[in-house]
Each structure stands twice: as C-alpha cells, then as structure tokens.
Amino acid sequence: MNKCGKCNVNIRDDVKVCPLCGAPLSLEAGAAAGVGYPDVSQRFRLMRFLIKVAIFSSVVAQIILAIIDYATDKAFSWSMITAVGLAFGCFTLAYSFQNNKTLQRKLVGQLLAAIVVILLLNRIIGHGLWGLSIAVPCAIAAIEGAVVVLMFTDLSHWQVYVMAQVWIVLIGIAMLIVTIVIDEELWLLPAAAAGFTVVVLAAMVVFGGRHATAELKRRFRV
Amino acid sequence: MREKKEIRWEKLDNTANLFPVIAREGMSNVYRVAVTLHEEIDPLLLQDAVERVLPFFDVFNMKLKRGLFWYYFETNDKPAPKVHEENAYPCLYINPYTNHDYQFRVTYYKRRINLEVFHALTDGNGALLFLKEVAYCYLRLKHKELADSQPAGLSVNTSLDSEDSYLKNYKKKAKKGYKTEKALIVKGEKFYRTQYGVVQAYISLPDIKRVAKHYGVTINQYLVGVFTYAIYKAYLKEKPCDQPISTCVPVNLRPYFDSETTKNFFAVVSAVFKPTEEHYEFEDVLNIIAESLRFQISKDNLERLFSYNVSNQTNFMLRAFPLFLKNLGMKLVYNSSARANTSTVTNLGVIAVDEAYRPYIESFYALLSMSKGQNIKGAVCSYGDTLVFSLSAAIRETDIQKAFVRQMTGDGIHVEIETNGVYDE
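So the sequence lines, in the order shown, correspond to chains U and X. Going by numbering that gives the first Met the number 0, the first sequence opens with residue 0, and the numbers climb by one from there. Going by numbering that gives the first Met the number 0, the second sequence opens with residue 0, and the numbers climb by one from there.
Among the clues, some could well be false.
[Unchecked claim] Straight-line distance between alpha carbons at most 27 angstroms, and here's what the computed BS3-like set of lysine-lysine pairs gives: (1) U:K2 <-> X:K109; (2) X:K212 <-> U:K216; (3) U:K105 <-> X:K77; (4) X:K325 <-> U:K216; (5) X:K325 <-> X:K170; (6) X:K10 <-> X:K170; (7) U:K105 <-> X:K212; (8) U:K51 <-> X:K371; (9) X:K298 <-> X:K170; (10) X:K273 <-> X:K212.
No lab work stands behind these hints, which were simulated from the structure alone. Predicted, not measured: the structure shown is a model, and the values here were computed from it.
Chain U on its own, in the form it takes in the complex (with noise of 0.2 angstroms):
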C-alpha cells in the first residue's frame, strides 16, 4: 500500500500521486490494497462522444438541405418540411430513450407529437385541412392498433394499458371536437377514430371486470 506524507493517509488504490493533493506517494509494506472501483471512464466517453455525433449530424444535414432548397425551388420551402421531421425524429430518440417513462407514456407522448407535427405539415403545405380530418385520425387509429396489439402480447398484465387508454379516448374527442367546430362537414374520421377508441375502453371495462376498475381504483385514488 502507498502513502502520502502530507496528508498522512495510507492510499489503497494503485497510483502513484495522492488523490486529495497530489503528492507523490512512498511506497509502503502493509495491508493489501481494497477491492476498489470498475474503470468506467471509456464507456462513458463513447456515450457522450455518440450522442454529441447524433445532434451534430442532425444540424449538419438541416443546413445542408436548407442550402439546396434556397438555391433551387424558391416557390416553396420544402426543407421546412425536413427541419420539422428532423426535430420530430430528434424528440423521439430523446423521448423514447427517457429512462422514467413507461411504454404506456410514450405512446401517448408520441400520439400528441405526431398530431403537433401533422397539423404543423398541414399549415406548411397547405391544401385544405387534410391533417385535421384524415391524417389525425388515422395516427389515432395506429396508437390504438398498437396498445390493442401490446395488450395481446402480455395477456397478463394488460390492465396497465388501461390509464393510456382513458388519454387516448380524451385526445380522440378533443380532436373531434376542434374538427367540428372548424368544420363540422369533415366529422366522419375523426368520429371514427374517436368511436374507435371508445370502444376498446368500453371492452376493457366490460370484459376486464374488476382488473380493470380495480386498476381504475387506484389510479384515481384521492
């Protein structure tokens, strides 16, 4: 085991300077040195070093593609259109790599971003309210496919999808809502989707018995 002289301490790692000031140690007969710590450092460096690569590459390749579409279509700002993807598929990585968030909040999280990105696209390009009316309901329909796929493959534990569900519904009927009151002619898919949803919570609760509204219970436990 070393030693340092200015602070007085044998030091059980193997260095040669102290820790805490630096000294050069004397090596000293003694104890055998402690178990000690994993050298961690290089794994850790890869990860930032990647993660800095990530965002660098994404910020690269937006004003790459800003460059060429100012020099060459100058009637429509089509890398608006990929800057909003870029930023959408930046928010996925970092919302589905978020590490305090169950699956259930990340479809649910998803849905809503889709839904921003849609009606952002739709504004950008124009030609109607194709967002509003089609693609948002059919980016409903797909997160309820999926939670309704997720709740078959884990058959016994299919009642955490249940609180996801209850957003679900409530983000169906708002979508609804805001569609009828900007235009009531365009209710049928956003009806459908809405309906949808409503149904799969319905036969949760129908089917689930007292899984489901014990679930329900402690959810919304005052």
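Got chain U; can you put chain X on it based on the hints?
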C-alpha cells in the same frame, strides 16, 4: 402466460412521495449500501440468493405506479432483477422499466456486493436488512458448513414489518418543519451529469472513539464537526460568511417511536455553523456543531419535524389536487429547501452481523447520490473495528476531502483512503 395472482397495492410512506417527483438522471435519489467479503463473488450464487430472499421482503417486491392523485406501489410478480458486474458509476438512476420494474439493483465487483436502492422504497436501515439477508443466503449457498449449521430462512433479528410509521406517529396541526434560510452552497468544476467522485476513508474505530471522548462529543458529532470544519477551512478559507454551513443529519426515528418498519422512517435535523467572526479553531466549530445537534435530537423536536409533512399529506383539500399539481408544489418546496442546506452526513451506525457469518465479512459501506444544491455528501457506517466515511462529490476539487482527512490524521486517527478513480481522469 404467467399465473395471475391478486394484485396487492400500497401507498407510499410520507418521505417516499417526494422521491419520484424529483428523481431523474443526474439526481437519482438512489443510495448504495455494500458489503465486502473475504472472497470473490460468484454471480450465479448471488443471483440465486437474491431470488430466494426477495419474496420475503414486501418493501422491495414492489413496482412504482402513477395514479391521477398519488404514486403508489403494486406487487411486482416479475422475476428478480438480473445481478450483473458493476460497470457504471455508483448510484445511477434506476430505470424501473428496464429492471423488471424493480426499484433496486444488485451488482458485484471482485469481493463486494452492492445494493443500490431508490429512496422511495426504504431508508438505509431497511436496505441494510435486505443486504445482510442476501449476504447470509449467498454465504450459505457458497459454504456447506454454513448451510448445515444455519437455518435456511431469514435471521431472527430481521424485521419484515412494513407499517407506515410516519402516519402512525404524527401529531396533527404541526408547524412548518423545513428551513428556507439560504445556506452556503459548495461550488466548483462539476463532473459530467451522472458522473461523480467517491473518496472512502477507512477509519480506526478505537482511534475515533478515543478522540471523540477527548473532545467530549459523540462519534457522530465529531464526524459532522470535522466535515463542517473541512468546508470552513478548505472552501471558505477560514473567512467569515453571511451564509451558514448547514449539514443535514438524518436521524433514525425507530428507537424513539418503538418502530421496526422496513419502510422509510427518519427525520432530518440540520447542524448549523455560521462563521460570523474572523477566525475559528477546530474545537470552536466542533462545540457549535455538537450543541446544534444535541438541541435538535429530541423526541418532541423530531416529531414536530415530520408531523408537518404528514399533516399536509392527510389534508383533504391538498389530497384532492391532481398529481401533476402536487408534483409542482413538491418541486417548489424542495427547490426552496434545497438552498437551505450545504450538505448531508448520514450515519447508519454500527452494523450487527450474526456471529456465524462474521468470519466471512470484511466490511460495509454506504454511499449517497447527489441532490440539488449539495455537491458533496458523506455517509458513515461501522463494522468491527473500522468506521467507513464515504465522501461523494459532484465537483472535481478535493480540497474539502483533503482537509477532512488531514484533520483526522492530525488528531492521531489512523486513516486509509480509497477512491473510484475519477480524480485520476
């Protein structure tokens, strides 16, 4: 398909309600307790030991769920978390959604078994009970002579009580217990998020007992006094300061309220030293700290401290707020109280081990993760003739650790140190 059992659920105890709100990567609220044996760890036997012991501990056998008004725990029927070799910095955020929904992890490195626990589950005392049982079970699996001589179940000294002792013992209509006066914050060049430095001081227990007796204080008062003096000397450079050095000292409430719960049951007092004059000697600081702690550690004061928080929890008007609003409120309270403390020093006391297993166990230690405003912390525990004081820091400078160790060695205490290598990077 797994066999469907009735789902058992439980409320979080009063302290536990805070941790899911504030926990994230970089501020994990995960602490570590570890046991070092005299032999290399066999990972397969360790996994077996965890799987055998876990079903007995309801507190650990839970997953965290989020309701509309409260977080709560639910029985976790998934297999025990996978034991793996330590390959990351200590006390990282535990992602329950990739850890079979469990809020703790068990790792090993050479001769050491690490148990890292999200604070919402339990405090250090509860974690030590679980760690000791895992160690006992592991040793029985490894050594035939132990398996033949020792009973297969849990030790008779292990409690499995999981009552919410806060709720049982609080007094209604308590005044606000937490402080908001701004304290000194230790600043420096920060490590990257999730990275932090560990300096462990292995201290001779007979030496420290002798020195503490010489100064007329308890071991805990001496340790907090030395730590406070180290901050005064190394960070403040012995200059006066308007802001006090305030060290949180968690106090185990179980002896005061006759509780054996395995859930959280502690209150936090603050050892305060405000350097208003030009110069303080070590004994001056030590006496101020000892008096500060002596004054606060009484049953009535401790009861007052936690009763305010519990009365908020049981107030119907506040209960009816949705969880996201409660979380906002708790974050605001936490952020204001976080500025009121410089650091934390927690003491798990002397760890008792069943006699048959003592020859196989070398030492224990505890480690705290970083929290808002507290860039250096200490955790203490003792086993046999060795007291281990683990200093964890989010800043690169080691002046405080150096001053801490030098004060002890200057008092004639034998100290050995070990770091996690981050200061060499």
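So, going through the hints one by one against the coordinates:
1. U:K2 <-> X:K109: Holds, at roughly 24 angstroms.
2. X:K212 <-> U:K216: Violated, because 57 angstroms separates the two Cα atoms, which is more than 27 angstroms.
3. U:K105 <-> X:K77: Distance of about 21 angstroms is within 27 angstroms: holds.
4. X:K325 <-> U:K216: Holds. K325 of chain X to K216 of chain U sits at ~19 angstroms (cutoff 27 angstroms).
5. X:K325 <-> X:K170: Holds: K325 of chain X and K170 of chain X sit about 22 angstroms apart, inside 27 angstroms.
6. X:K10 <-> X:K170: Distance ~20 angstroms between K10 of chain X and K170 of chain X Cα, so the pair holds.
7. U:K105 <-> X:K212: Given pair K105 of chain U, K212 of chain X is violated - Cα atoms ~57 angstroms apart, limit 27 angstroms.
8. U:K51 <-> X:K371: Cα-Cα ~26 angstroms, so holds.
9. X:K298 <-> X:K170: 12 angstroms, holds
10. X:K273 <-> X:K212: 25 angstroms, holds
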